[in-house]
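Colleague: Given next are the chains, with one letter for each unit.
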Amino acid sequence: MTVLSVRGLSVRFLMPGGRRVAAVTDAHFDVAAGECLALIGESGCGKSVLVSALLGLLPANAQAAGEARLGDLDLLAADERTLARTVRGRRIGLIPQSPAAHLTPVRTIRSQLQEAVAQLTGVRGRAALRSAAEEAAARAAFPADHLDRHPHELSGGLAQRAATALALVGEAPLLLADEPTTGLDRDLVDHTVDELRRHVDTAGRALLVITHDLAAAERVADRVAVMYAGRIVELTDAEAFFGTPGPRHPYSRGLLQALPDRAFTPIPGMPPELGDLPDGCAFATRCDRAADTCATQPPMTATVACHHPYVPEDSHA
Amino acid sequence: MARLAGRRSLFAAPVLLAVTFGMFAIAAASPFDPVRAYAGTAALGADRQTLDRLRTNLGVDRPFAERWWDWLTSALTGDLGQSSVMRQPVADVIGERLLWSTLLCTVAFAAAVLVGTLLGVLAARRQGGWFDRTVTSLAYTLSAAPVFWTALLAIWLFALRLDLLPAGGLTDTASEHVTPGQVASHLVLPAGVLAVSQLPWFTLYVRQGVADALAEDPVRGARARGLSEHTVLLGHALRSGLLPVLTLIGSRLPELITGALLVESVFSWPGIAAATVEAATAVDFPLLAALTALATVAVLAGNLLADLLYGLFDPRVKLSEM
Amino acid sequence: SAPGDGSGGGGSADSVVIGVASEPDTLSPLLGYGKDGNSKIFDGLLARDADLKLRPALAKALPEVGDDGLTYTYTLRDGVEFSDGEPLTAADVVFTYETVLDERTNNTSRSELDAVKEVRADGADKVVFTLKYPYAPFAGRTVLPIVPEHVAGDQDPNTGSFNTEPIGTGPYVLAAWSKGEKLTFKANPRYWGGAPKVKTVTMAVVEDDDVRATRLRSGDLDGAILPPNLAAAHKNNSGEKSRGVRTYEARSYDFRTVTLPTGNEVTGDRAIRRALDAAVDREAMAAKILDGAGRPAYGPLPVDDPWFAKGIERPQDLDRAKAILDRAGWRAAADGVRTKNGLRAAFTLFYPSGDKVRQDHALAYASDARKAGIDVTAESATWEVIEPRMKDDAVLAGGGSTGDPDFGLYTLLHSSLAGNGFNNMGHYDNPAVDKALDTGRRSQDETTRRTAYDTLQRELVKDPGSTFLTHIDHVYVLADRWQGLTTQLEPHEHGFASGPWWNIEDWRPAQ
Amino acid sequence: MLELRAVTAGYDQRAPVVRDFSLTVEPGEAVGLLGPSGCGKSTLARVAALLHRPDSGTLLLDGEPVRHWRHRAPREQRTAFGVVFQQPRLAADPRLRLAHLIAEPLHATGRRSEVPDRVTELAATVGLTPDLLTRRPHEVSDGQLQRACLARALVLRPRWLICDEMTAMLDASTGAALVAAVETYRSTTGAGLLAVGHDRTLLNRWCGRTVHWEALQPPRAPEASQGPSVR
Amino acid sequence: MAETAVGPKWRSYGTRRRSTRTLRVRASVTLVLVTVLAVLLVPPLVQLDQQAVDLAAKLQPPSWAHPFGTDDVGRDLLLRCVYGLRVSLLVGVTAALTATVIGTAVGAAAGALGGWADRAVMRLVDTFSSVPHLLLGIFIVAMFRPGVWPVVVSVGLTHWLSTARIVRAEVLSLRSRPYIDAALSGGASRLRIAVRHLLPAVLPQAALAAVLMVPHAMWHESALSFLGLGLPSHLASLGNLIQNARGSLLAGQWWPTLYPGLFLIVPTLAIAGLAGAWRERINPRRRSELML
Ligand SMILES: Nc1ncnc2c1ncn2[C@@H]1O[C@H](COP(=O)(O)OP(=O)(O)OP(=O)(O)O)[C@@H](O)[C@H]1O
Ligand SMILES: Nc1ncnc2c1ncn2[C@@H]1O[C@H](COP(=O)(O)OP(=O)(O)OP(=O)(O)O)[C@@H](O)[C@H]1O
Ligand SMILES: [Mg+2]
Ligand SMILES: [Mg+2]
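Protein chains in written order, with this note's numbering: chain Y, 1 to 317; chain L, 1 to 322; chain E, 1 to 511; chain A, 1 to 231; chain R, 1 to 292.
In case anyone wonders, no lab produced these hints; they're calculated from the structure.
Please note that the accuracy of each hint is not assured.
Okay, the calculated beta carbon distance ranges per label pair [said to hold, decoys possible]:
#1 R:34 x E:176: 53 to 59 Å
#2 A:201 x R:22: 15 to 21 Å
#3 E:176 x L:130: 28 to 34 Å
#4 R:22 x L:29: 42 to 48 Å
#5 A:60 x L:6: 37 to 43 Å
#6 L:110 x E:176: 27 to 33 Å
#7 E:154 x L:52: 51 to 57 Å
#8 A:190 x Y:77: 45 to 51 Å
#9 A:11 x R:149: 49 to 55 Å
#10 E:389 x A:71: 53 to 59 Å
To give a feel for the contact side, a few chain R residues facing chain Y, derived at Cβ under 10 Å [said to hold, decoys possible]:
#11 20
#12 124
#13 128
#14 288
Backbone N, C-alpha and C define an ideal beta-carbon position, used for all residues, glycine too.
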């Protein structure tokens, strides 16, 4: 059963002087119940914007097109009221990127947690709220003795855990986690990832996790989507992606090769300007397999959008 | 917190000294003539001898520093002196009137802060919407409206046209006893007018603070968490944009007192503020000094409160640094 | 509670609420309260009736004048008690006058009793005043309220509690004084003239004219003094409260004048003064600025006054004004302002700021003067600023005292008082006028005095030391619940003691 | 030489976050500092960059003890450090366009003339395309902002680089590119590097020497535990 | 790049607001321009004496001869409104600017310096604000001859206090932000931090204070004038005109109140509109949302 089904989602930012930034272009994917989809891709390729679009949290100069179905609700067409009252927090939880910036600076973590608990769950009463909040904190490994601190008094990792705790409160059927593991040490990453996995497994919930931490992605994801310059260029099973035969898109390969435990070499060239994308494949300029055909937009096949994908045999080449 | 309060109280003494001394100095330097003020309209028919005699009797030709010192030393022993315009001991003048002024100012201020904040929040909710535009235009208009004007309009509307509220005084003019019910009904108009005169600042600052906060990431985070609009507005946007408002609580006090000055005289409210202008233009040193000392204490307390509130409401402001 | 019911507005005849513009600083006669009579809490030896004639009050009869007008003997009425039950004695009278005359008492009108040499009791019920010089209108000064020595005697008259808790013999006692809000008076059951029918009188202090008018309209007040335009508006609107109100226009001695100081080269010139006198349109000022509630002033005394010199009325006559100036050598220059020997016919006219009526008079005056080629610049200032400049610059002054022409005119015009405080502001100096003033003051003979004041008024037309513009009517609006209300001819100060309520103790309910 | 000797620092005198911490970084050396989340690494980084006054202990800069911190530190000392903060969103003035953000230290130190060249050069180094340079922080992704912050840290050619979890929010390729940029800078200028993070693999790969927090600081008393309650 | 063959249906978020905003900004600019032009051009062009009293033409309702009617001594109200606006704008704008500049500078300096300097400055502010403004105003004005400048000085010198406090509070909160650390590390001096990083953040607050101060200063002027200390009360200033018209309103003549009132409020709203637009322009997020 699909929880979220995204069809042709595109997002543009209108800039002064009539320029447009194509942050997300024509994204198609589904997330099924009990499934975890990891979204990876170069910084600035549009992952966070995609998530914002799903929650209706884009700024006023943005335009969105396409369809994103959550059950029978089209998230893109829904009005702010519906989104605010029934969707956010209740049907879709979000762990935002830069959590420290997304916490209200003048209130303690405890009060924000308790507030979220009070609004999203049926828990009432001082003592009950208190313990529920502490429980939520514990789930994200947020130390209880830091609950009475304000966001600016937290370390990066602590803020990250606070944000995770807040997002888990609503027990939403779909969780969007934007870099849930930044600033965490290995133990905590594992803890968080396991918690997310447990969250998904318990009640057939779905998880869309954006991460740069490929180890974490490997640990949690069922499927992997790779984004490049606003497009999803590869969407495949995690096992195949991380293990054998490995990714098929040249970009995905480059990404994996850049890992510190592998070659630790960056993909050559500059990331493309989203305001001025080429007509064809955006990766062509940086791709060692590029050919003339790359001047046209490659169609998305079953798992990859590339004119010259690696085929399984190539993987050991 | 206690340390800050303690340190401020220590500071209060020199400030009080400076303010009262300054007041004596300014008043002495002003062209106002205490004798003329004392004599009132009778002065316009008085001859030179009478005026000279009054001048000696009132002791107004002594240097102001000397008079300030006298005032100070006797004030320290508890004797606030004799008010020449009121023909009464200063302590009596204050005793009779302070309660009513405090009542008026407190109610008005509380109303201004609460209603102003509420309107500001509602206006900020949809910036540029019709409600926002109505409220802001109204706020700017009100900020441009002199207090005596709003007062007159309020009397005209509520006392005359609608016949809802009494037009002035502390109690019904014919009544002889001060009952809480009467005071309450007589308080509505003056306090309302005073509140309305202070309202624009709160409304507009709250609106600005909330509107700015609404565009920031923390509110985006709060929204994403699924908090209700209400909570987002009050618990997050308002809380983040509250700093200027807290400041206003301290720093609008002087304006409030100035407003009370006018409101009290328009509504025949037997408070102390109306006496202030009289004391000033009459160069009634003892009364003036006592009133400024009172105002100073009020303002210092207000500012201290504001500073303490900063620490409470914005943890990024460190009390230890103030 | 709605203002209509609880307050006096509902209309019982035994209470009245009156809106006044200012509150007395003190209620102690020792500091000047009620010095002209009508003080309600107190009585003087004498009082004035509706026509301002003196009549006995605490004294049994008008005083016996002896020794060529140097002694005045009063016999006290029997059985008068202060409101605390103590009887009135001659000692109280002596105490009152002696305290007022005491140098240390801060009484501003002490100079009015300047003529008194000595006051002494002659037995328990006789008081004898001995004067320094014959002072014809002296009896008029003895309306001064009498205070009880047994209460005020132990206090410092300047600061004592008697200032706010007065006790007197008058028809009313002070029941409450909420400073800045109102004073409540109750009928004095011990009043020697019989307990008043109106049992409660409240004087609500409402500084602002417009607010007073509004509160009157809202039924919060039964009566109030109002500027003429607001009173007129009230008359038109009074239907809304469906209750009768009456408007009373009290004639007054209250004049508005422009002082023309002798020290100023322009205003000191008699031709200029006479031209100005001819150029001003007094009728228009009375009709437009005062909305008809006032009349042209042809001199310090109002046309209604029995002492007014008949025949000095004169209309605006611009041609005459121009002729006078032409003859005196003031020639019109290019900008329309006349000059003489290089001197521009221009001067500054100060008016006290905040006084709308004087402001309008000043502007209208400047406008009229301009038509005759005299450039008058109106400028507002506080009295503090005006005072030192009174001898050089014109001032829009006001004044007027009731009772006797001497009271107002001597201080206004006598050259010996030039520049003395606010007396004779313009340093007017006219021997004929001085002589008339002295005669009027000294002579006991009614005809001699009448001739003297007649001469004086005509002399003022020939050499106008100031341009008298209007006499202002004081306009009062009062609920129509009593019968036979009258007004007195009123002095410059008004509101608290003057007005239709000057004799409130005598009011009788309307049927 | 950058030397921390027995530094104790924190936000509350009674419960310091960093206690008795000692560490030395030689010029040209790259030291990785590895530690669990919330242990005080960022605090230490701020102390080292003269942005946070320690409660006790000394900081020796080329053998000279540092006496003043923050505003009072002499400008040359402050600018000897290039700092990449952990949270780019908070470390960027929201009103400045990225180009200006990068150039701000040049403006602040009166080296206006170098601005155009340095900005173009650094933008290329960290992989910022020209159109991003005209945007303000809220109009770019977190990773792009972090790149601008690195450029800002490099713009004054500091002798010491302090990178607080610089690559935590960057994808592998960009991360590798930035590390390469830092390494190039280091090798050409001989600057010292203190890289803070918890990715052991990354630090091992990047830095010549990786030290562990626990090894440098005596173990904490249990009540002051800063670690997660769930492990 | 090519949009998909069937062009996607874009859902936009905030364009409608944008167009009404443009309209509002244009209206504000026009009004401010008209005001300034009227104030600058009418007095020299129209050579009529605004002080000319004509008792016969007292309180005439608006007509062709007197589009705004006449006041209670028969002066033309239109002319007086224009003259009044001239004086009031001068007083209001100068006083508001003075107050705002002093307040912002003092507040920013106190907040940015912190510590000892902050305390000293803030106690000074406390001292100043202890005396009710009107009183201080009264005394300051009383020391000079009536005129425009004493009023400006008195209003300007008494009204910077709340701005100073507001600005300082904001600065206190801002100055511990990480981006200030970053600036420090970039070698910025205190002054530069105050001017480049703190000040821009508090400008909206200061601007709001300034806008609110304009009408406030205008009426403060009339309150002082009323006490006899400001401008001569027959001189046209909007405050004086409104003040003088009170009695007429109760007597049923609305025009002496309405027109000066409009002259006071409309420019205020226009200035507020401009300030609002400017505020949107300097707020980075609003700015990009409005695509400025
Ligand atoms: N408000 C905006 N206006 C214009 N462009 C924007 C805006 N917000 C984001 N962008 C652009 O959209 C693109 C996608 O940004 P997004 O934040 O989704 O990146 P990301 O994939 O999450 O990257 P990171 O891994 O660095 O977080 C970026 O190139 C960014 O510059
Ligand atoms: N401004 C502050 N006020 C009070 N406490 C603070 C403040 N900043 C950080 N702390 C606390 O100090 C401790 C160490 O924080 P620090 O940021 O140095 O940790 P860190 O090692 O960088 O952690 P992370 O890896 O999660 O970023 C944490 O417990 C944190 O809550
Ligand atoms: Mg992102
Ligand atoms: Mg950290």
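Colleague: All the hints need checking, so say for each whether the structure fits it.
Modeller: Verification of the hints:
With their beta carbons about 56 Å apart, residue 34 (chain R) and residue 176 (chain E) fall inside the hinted range of 53 to 59 Å. Distance hint check: the CB atoms of residue 201 (chain A) and residue 22 (chain R) are about 54 Å apart, inconsistent with the given range 15 to 21 Å. As the Cβ distance of residue 176 (chain E) to residue 130 (chain L) is approximately 51 Å, the hint placing it in 28 to 34 Å is violated. Between residue 22 (chain R) and residue 29 (chain L) the beta carbons are some 53 Å apart, a value that contradicts the proposed interval 42 to 48 Å.
Checking the proposed 37 to 43 Å range against residue 60 (chain A) and residue 6 (chain L) shows it holds: the Cβ atoms sit about 40 Å from each other. For residue 110 (chain L) paired with residue 176 (chain E), a C-beta distance near 29 Å keeps the hint of 27 to 33 Å intact. At about 28 Å, the CB distance of residue 154 (chain E) to residue 52 (chain L) disagrees with the hint of 51 to 57 Å. For residue 190 (chain A) paired with residue 77 (chain Y), a C-beta distance near 59 Å fails the hint of 45 to 51 Å.
For the hinted restraint 49 to 55 Å between residue 11 (chain A) and residue 149 (chain R), the CB-CB distance of approximately 52 Å keeps it satisfied. Between residue 389 (chain E) and residue 71 (chain A), the C-beta spacing of about 58 Å keeps the proposed range 53 to 59 Å intact. Violation of the interface hint for residue 20 (chain R) is found here, the shortest Cβ-Cβ separation to chain Y being roughly 13 Å, above the 10 Å cut-off. A distance limit of 10 Å between C-beta atoms decides the matter here; for residue 124 (chain R) the minimum to chain Y is near 28 Å, and the interface restraint is violated.
Annotation: interface hint on residue 128 (chain R) violated; nearest CB of chain Y at approximately 29 Å, more than 10 Å. Interface restraint check: residue 288 (chain R) against chain Y, minimum CB-CB distance 6 Å, threshold 10 Å, status holds.
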